[in-house]
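Chains as they are written, first to last, in the working numbering: chain B, 6 to 134; chain G, 6 to 134; chain U, 6 to 134; chain X, 6 to 134.
If you are wondering where the hints come from, they were derived from the structure by calculation, not from laboratory data.
Please note that a few of the clues may not be correct.
[As the list claims (entries may be wrong)] Chain G regions said to be covered by chain X (calculated; three or more residues, Cβ under 8 Å):
hint: 1; segment: 9-20
hint: 2; segment: 23-29
hint: 3; segment: 50-63
C-beta: ideal position from N, C-alpha, C; glycine also.
Number of protein chains: 4
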Amino acid sequence: MIGETQHYQVRIFYEDTDHSGVVYHANYLKYFERAREDYLGYQQLIDLGKEGIGFAVYKAELSYNEGAVFGDVLQIRSTAQFDGDYRMIFHHEAWREDSNKAAVIADIQLVCLNRTKKLLKISDLDIFK
Amino acid sequence: MIGETQHYQVRIFYEDTDHSGVVYHANYLKYFERAREDYLGYQQLIDLGKEGIGFAVYKAELSYNEGAVFGDVLQIRSTAQFDGDYRMIFHHEAWREDSNKAAVIADIQLVCLNRTKKLLKISDLDIFK
Amino acid sequence: MIGETQHYQVRIFYEDTDHSGVVYHANYLKYFERAREDYLGYQQLIDLGKEGIGFAVYKAELSYNEGAVFGDVLQIRSTAQFDGDYRMIFHHEAWREDSNKAAVIADIQLVCLNRTKKLLKISDLDIFK
Amino acid sequence: MIGETQHYQVRIFYEDTDHSGVVYHANYLKYFERAREDYLGYQQLIDLGKEGIGFAVYKAELSYNEGAVFGDVLQIRSTAQFDGDYRMIFHHEAWREDSNKAAVIADIQLVCLNRTKKLLKISDLDIFK
């Protein structure tokens with residue numbers, strides 16, 4: 006999983022756009038998280054949640070090149086890597102069809118917290134074994 | 006509180022609109038809930054939450070007459086009444102400025118649930134005493 | 006199309022839930038609209054939009070029976086019918102897996118407006134021919 | 006206006022949280038945009054919109070230190086500066102009450118586009134004169 010590129014599709018609905026006609030900028034953070042949840046596994050995240058363990062976004066950097074519009078099917082391309090024992094970095098790109106440049110690019114740093122909000126060693130989690 | 010009309014204001018931002026140019030229809034349910042949370046009291050809801058008690062929407066009926074746009078300040082007018090011991094009905098209206106008719110009207114039925122999802126007598130709650 | 010039941014799937018992500026642990030009530034209006042957009046056709050809605058024609062929600066009635074949670078795949082079952090020449094009613098049900106009752110049920114009335122917000126005869130639209 | 010710190014308040018409602026119990030990370034981009042819209046002026050943005058002129062987020066960098074919860078009143082502190090003729094940078098901080106560190110910090114770069122998506126000189130806009 007780590008090192009491979011995941012492909013995940015997001016359809017753009019009315020709810021995603023704003024009155025400027027394109028997708029509201031904050032929504033890309035949602036699309037990238039959908040891709041990460043799919044990448045990490047829904048059942049795995051549910052199981053971790055039962056133990057009080059969850060991922061939290063620590064830093065996010067986004068670059069916007071082009072606006073997506075209603076009806077688009079964005080392809081989200083994601084790769085992940087560990088950054089030390091306690092951090093994980095996802096690189097995400099949102100591609101519109103027939104485009105030769107990503108519409109939006111992001112680097113998202115995650116940490117993993119237990120029930121008492123203490124940092125956990127991400128690389129020790131079962132889901133990466 | 007019960008029987009009186011509460012007035013609550015909601016500013017319309019970019020995030021609230023969709024590419025048709027007006028407020029996305031689902032968002033009015035958010036505005037009405039903001040008004041209810043303000044009506045019931047934030048601290049009161051936090052305190053109930055600590056005991057595992059929360060309100061849940063059981064039925065919602067909305068009528069849309071006019072679309073609000075970016076920059077509008079909607080006035081939300083809300084009244085509440087008990088409907089038996091276990092239900093509460095909020096009537097909400099969203100008014101645009103200088104309008105002679107409510108833009109959106111809603112009746113929202115709430116129930117109150119404890120930690121085990123059992124119905125509680127709403128009229129017995131301390132916040133209504 | 007009219008009269009048939011459409012099946013549409015919605016995955017529940019972190020973004021869909023609130024701190025009570027279940028899906029935020031307003032989001033079902035989004036899921037039902039996603040299903041309607043899929044039902045009516047994205048390209049058809051884009052083409053109508055270019056002519057300044059769009060659908061607008063006129064009335065919405067929702068009944069909530071059960072809360073969906075993170076990781077759920079809701080099956081949205083939708084049927085549509087005309088109600089006179091100017092209105093269309095969608096009946097939507099959101100089903101959780103392995104459930105014997107719909108989690109949320111809704112009736113959504115739509116009208117169709119042109120660029121000057123005048124009502125159009127829905128049954129005359131090309132997409133229904 | 007440029008150089009001064011704007012103070013803007015955001016109340017945290019149920020809609021803002023997710024099932025982890027704290028505010029969903031993407032929502033801070035909304036709060037910061039609300040502050041920017043308030044800063045730039047709603048009527049000014051409406052007037053620019055009528056000429057087909059609008060601001061677009063070009064880059065966003067966010068650091069998350071602490072999660073806000075239901076009932077919080079976040080104080081958003083914003084400052085703006087020009088970065089050359091075509092870019093504007095907003096620095097935003099979201100502060101929880103009684104905290105000695107900002108919960109979330111962001112730098113947001115904006116460009117200004119006309120109807121044909123051509124870059125405009127931001128510093129030439131009437132709203133900055």
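Starting from the hint list further up, note which numbers the structure goes against and sort them upward.
Those not satisfied come down to hint 2.
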